[in-house]
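Engineer: Turn these sequences into a full structure, and let the hints guide you.
Heads up: the sequence lines are chains A and B, in that order.
For the first sequence, the numbering used here assigns the number -16 to the initial residue and increments by one for each residue that follows.
For the second sequence, the numbering used here assigns the number 116 to the initial residue and increments by one for each residue that follows.
Keep in mind that the hints were calculated from the coordinates and are not lab data.
We treat Cβ as the ideally placed atom computed from N, Cα and C, and that holds for glycine.
It is possible that some hints are incorrect.
[Said to hold, decoys possible] Below are the SDA-like pairs computed for lysine to any residue, each with C-alpha atoms no more than 20 Å apart in a straight line: (1) K251/B x L233/A; (2) K245/B x Q304/B; (3) K245/B x D75/A; (4) K277/B x E235/A; (5) K330/A x V362/A; (6) K64/A x R54/A; (7) K565/B x E592/B; (8) K245/B x D77/A; (9) K4/A x Q223/B; (10) K198/A x R21/A; (11) K277/B x D75/A; (12) K315/A x R361/A; (13) K344/A x Q316/A; (14) K388/B x E425/B; (15) K4/A x R222/B; (16) K251/B x D281/A; (17) K245/B x I234/A; (18) K64/A x A148/A; (19) K245/B x L233/A; (20) K4/A x L220/B; (21) K245/B x H231/A; (22) K245/B x R237/A; (23) K144/B x D485/B; (24) K4/A x D485/B; (25) K344/A x T305/A; (26) K377/A x T169/A; (27) K245/B x E235/A; (28) K344/A x P308/A; (29) K565/B x H164/B; (30) K368/A x D281/A; (31) K277/B x I234/A.
[What the hints assert, rightly or not] Under 7 Å between C-beta atoms, here's a sample of chain A residues computed to sit facing chain B: (32) E118; (33) D119; (34) H230.
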Amino acid sequence: MPIPSPFHPRTQQHCTSLLWKDWAGYYAVRSFDTYMEREYFAFRQASGMIDVTPLFKYEVYGPDAAAFLSRVMVKDIAKLKTGQVTYCCWCDDDGKVVDDGTVSRLEDDYFRVTAAEPARAWLERYTRGYAVTVEDSTARLAALSIQGPTSRDVLRALAGSSVDALKFFRLTRATVDGLDVIVSRTGYTGDLGYEIWVDSRDAVVLWDAALSAGKPYGLLPAGLDALDVTRVEAGFLMNGVDYYSAHHCLIESRKSTPYELALGWTVNLDRETFNGQAALRREHAVGRRRAFVGLVVDWDEFEAHFARRGLPPEVPPGAWRTPVPVYDRDGKQIGQATSGAWSPILKQNLALATVRGGYGKPGTELRIEVTVEYERKRVRATVVKKPFFDPDRKRA
Amino acid sequence: MATTYDAVIVGGGHNGLVSAAYLAKAGRKVLVLEQRHVLGGAATSEELHPGFTFSVFSYVVSLFRPHIIRELELARHGLEIIPLEASFLPLPDGDSLCRWADPHLTRQEIARFNPRDAEVYPEFGLAMRKMAHFVKSIIDQPAPDIGSLKPRDLAQLLRLGKHFQSLDPELMHIHLKMLTMSAVDFLDQWFESGVLKAPMSVSGIIGTFLGVRSPGTAYVLLHHYMGEIDGAFRAWGFSKGGTGGLSFAIADAARALGAEIRTEARVERIRVKNGKTTGVVLAGGEEIAARAVLSSVDPRLTFLGMVGEEHLDPEFTTAIRRYKLRGSSGKVNLALDAFPEFTCRPGNGPHMRGDIAIAPGIDYLERAYDQAKYGAFSERPYLNIVIPSLVDPTVAPPGKHVLSAFVQYAPYNLATGPESWPEHREAFGEAVIDTIQEYCPRIRDLILYKQVLTPWDIEQQVGLSEGNIFQGELSLEQLLFLRPAPGWGRYRTPVDGLWMCGSGAHPGGGIMGAPGELAAKALLRSRSI
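Structural biologist: What follows is the structure, encoded as structure tokens:
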């Protein structure tokens, strides 16, 4: 049985749909309403507020904290400035991705790592020789994410104008209703948005304050179903869905390198030794076997398949994550789409896919399997640059 | 003129019945002879107290080969396996640890004792799954014959070699470590918390006369990770109606396929003439002629008890004499008037619906072994308790329960000699109940009926020599082509026409059915019947 998150007293009140799921051992709301449209449009038109406490959180501190994190992460964390946040991944010795998440530099020798999976044992495996402490703060810290075009207004009303100047992927300390919190301009929606980190015991106070401050700006509690559509639009990959952590793979071919996951940009190859460096150097030299790409499914072809059966085109109501085969133009399977969604804002049928190395260039025409009236069809899908949805306000 | 059977099977345990079913399926005329009034051998169920059905000896099912269930259509013959939900460890200080099917919940439980171990636990599970996947191919075929030059055998060796080579080097190292290390040393490489390691390490000692720190016990850990139900490894279950439910289903299938089964028919002697068997002689003198005899009883009873040394080479006899049986465990079965509440985690919730281990620490287990080494039973033994009536209402009246406690150590060879066990039986049973009482204070008030089985009793009742539940220890020197004797790992014996089909043959003990199946298939392939 999952355990309640610190926001549970409030999420429980609002979750009239009774649609819950297990997220990393916590009860998490799938959607507060029976249908998640309202929550999705809150994210894209106003603001949505979502409990992201189940993210695994680790405090890493000590004189060698920066050197230590640079050793375990593919990115040179020592270069991160105080108050800055970065996204990256971490690998095993063979350069296969173990997990991805964010690293924040709260102080010169104090960092916070977020992860999709438990990482404490893994981090501690490498602490020998470093003056560093790893503390699991998952339960101690609650996290509330406020995302959407009006989220800056919500934050201003909530935490004052100091948050106003906060730049993309930066963090600041702030006060909400007398509570000390940390606000970071981060999120999983690919939009303007913030995440607020607070002591678990104060979670309910923060929730109430945020909801009341956000009222004039259309802030709504939102669930994971709406979030999942936005993360597909943002082109973000998900551990356990779009790739498997090297720690869980029974077979070697299931593992992925950062380059195969389109996370090559997070790798700082030429520097002091880090986990997986030698293997990543080799891969960098010979080129990746696979590519993680965004696909836009051709709507006209899609619609025509349905029309032939006398049906209007049917798109699933939320994001999907049941893998389907992806073919080249000659019908040879060259990969799989692992998640996707109909984007209500782009009016496009999107998918995230892993394809063989040569098929990753934007503009490449592929075929994706679609089921129309119980029959399998192949529909044209074009590789496009991610993110699919990338509003200027995200960075502005 | 009396009938001559194609094959007579000595012993109606689950393996003997599996052999019978496969031979009957191939159209052979088969007879199973069981000395007791019930079938199943050590995998049986009996109503020992009105309304209470006990899995008298063996109490959980895991390793039973899934393809046997399919090929013999056992589900159609009444087999139902109910999964065990959890592994519960009550602790003397009032704390407890429960490991669940839900990985997050398990992580939270273990993290209370050691957060690092909590995260390493799934990694360990994954490594064991990979190992089990590798070993599965070994248990589903006859042991490789390393001396043979026959193309078929060489091809098998080659396949196995390739299979081993295909292993990730890291896993190959793990495999070699498992073959040589002690369970505790092996677990030490992964975990820190004794609270976690103790209940994990006991899988390495069950049924052996070794301690958790004895080298070689790591391999038996793996044996317990191979359990597979519906394709999922590391799955354990209760057979509905007790463990006998499984044996009765196999018997049913065998009968439907044309096999004859006789109970209360004890084989006294396996007839041998000119180095070849001609059938068996029952207690009372009845002679039954057969072209082949399959023995599902243990090697010592088969060769030294039923064949007789006069028909065997001295070297072979010596090997059989050296074959280690050394029973080390007993069993206490209780009929209870009500649910036995455990103080540390009250209620009959899901934590009680799996197995309950009394194993509060490595030193506790090692101390239990110390006493056994010098010929005494453990005053505070390792217990593996199940309460099947919580999930299977057919085994006890409503509101009442059956509790089964596997007990280790109870050495067959007491310092005062195995035949002195009846004098110690009561004290042994009391030690077990005293141990349970430390966690479940009311246990004594609830007991309606008590059955205490010492290894001596197990030998007397079902014929397992020295009461060894695996028909011989699962230690490396007694596995594969060395089981039961070097060079005789492929079901044949030095006596022409006599085959081994029980747990004393490859791949060994546990309710697996594999020896029975593989022996029957080897016999059919030999075209001698």
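Engineer: Could you run down the list of hints and mark each one as holding or not?
Structural biologist: These are the hints, each one checked on the structure:
At roughly 15 Å between alpha-carbon atoms, K251/B and L233/A fall within 20 Å of each other, so this suggested pair holds. For the suggested pair K245/B and Q304/B, the alpha carbons sit about 17 Å apart, so the restraint of at most 20 Å is met. Using a Cα cut-off of 20 Å, the hinted pair K245/B and D75/A holds, with the two alpha carbons roughly 18 Å apart. For a cut-off of 20 Å, the pair hint linking K277/B to E235/A stands: about 17 Å separates their Cα positions.
Note on K330/A and V362/A: the hinted pairing holds, with a Cα-Cα distance of about 17 Å set against a maximum of 20 Å. Our distance criterion of 20 Å between C-alpha atoms is met by K64/A and R54/A, whose separation comes to about 17 Å. A hinted pair counts as satisfied when its Cα atoms are at most 20 Å apart, and K565/B with E592/B does not qualify at roughly 37 Å. Using a Cα cut-off of 20 Å, the hinted pair K245/B and D77/A holds, with the two alpha carbons roughly 18 Å apart.
Distance hint between K4/A and Q223/B is fulfilled; the C-alpha atoms sit about 17 Å from each other, no more than 20 Å. For a cut-off of 20 Å, the pair hint linking K198/A to R21/A stands: about 15 Å separates their Cα positions. Note on K277/B and D75/A: the hinted pairing is violated, with a Cα-Cα distance of about 27 Å set against a maximum of 20 Å. Note on K315/A and R361/A: the hinted pairing holds, with a Cα-Cα distance of about 11 Å set against a maximum of 20 Å.
This hinted pair checks out: K344/A and Q316/A have alpha carbons roughly 17 Å apart, not beyond 20 Å. Taking the CA atoms of K388/B and E425/B, the gap is near 11 Å; set against the 20 Å cutoff, the hint holds. Of the pairs offered as hints, the one joining K4/A and R222/B holds, with about 18 Å between alpha carbons and a cut-off of 20 Å not exceeded. Restraint check: the Cα-Cα separation between K251/B and D281/A comes to about 46 Å, which exceeds 20 Å; the hinted pair is violated.
Distance hint between K245/B and I234/A is fulfilled; the C-alpha atoms sit about 9 Å from each other, no more than 20 Å. Between the alpha carbons of K64/A and A148/A the distance comes to roughly 17 Å, so the proposed pair stays at or under 20 Å and holds. Distance check on the hinted pair: K245/B and L233/A sit about 6 Å apart at the alpha-carbon level, within 20 Å; holds. For the given pair, K4/A sits about 14 Å from L220/B by alpha-carbon distance, which is consistent with the 20 Å threshold.
Annotation: proposed proximity of K245/B to H231/A holds, straight-line Cα distance about 11 Å (limit 20 Å). Proximity of K245/B to R237/A is assessed by CA-CA distance (about 14 Å); at most 20 Å being required, the pair is judged to hold. Distance restraint check for K144/B and D485/B: the Cα-Cα separation of roughly 50 Å exceeds the 20 Å cut-off, and the hinted pair is therefore not satisfied. With a CA separation close to 49 Å, the supplied pair K4/A and D485/B exceeds the 20 Å bound.
As the CA atoms of K344/A and T305/A are separated by approximately 24 Å, the hinted pair breaks the 20 Å bound. With a CA separation close to 9 Å, the supplied pair K377/A and T169/A stays within the 20 Å bound. The straight-line distance between the Cα atoms of K245/B and E235/A is roughly 12 Å, inside the 20 Å bound, and the hint therefore holds. In summary, the hint linking K344/A to P308/A is supported, as the alpha carbons are separated by about 18 Å, within the 20 Å threshold.
Restraint check: the Cα-Cα separation between K565/B and H164/B comes to about 9 Å, which is no more than 20 Å; the hinted pair holds. As the CA atoms of K368/A and D281/A are separated by approximately 16 Å, the hinted pair is consistent with the 20 Å bound. Of the supplied pair hints, the one linking K277/B and I234/A holds, its CA atoms being roughly 17 Å apart against a limit of 20 Å. Here the hint on E118/A is broken, as its CB sits about 10 Å from the closest CB of chain B, past 7 Å.
The interface hint given for D119/A holds, since its Cβ lies 6 Å from the closest Cβ of chain B, which is under the 7 Å cut-off. This hint holds: H230/A has a C-beta 6 Å from the nearest C-beta of chain B, less than the 7 Å allowed.
Going through the hint list in order, the structure does not satisfy hints 7, 11, 16, 23, 24, 25, 32.
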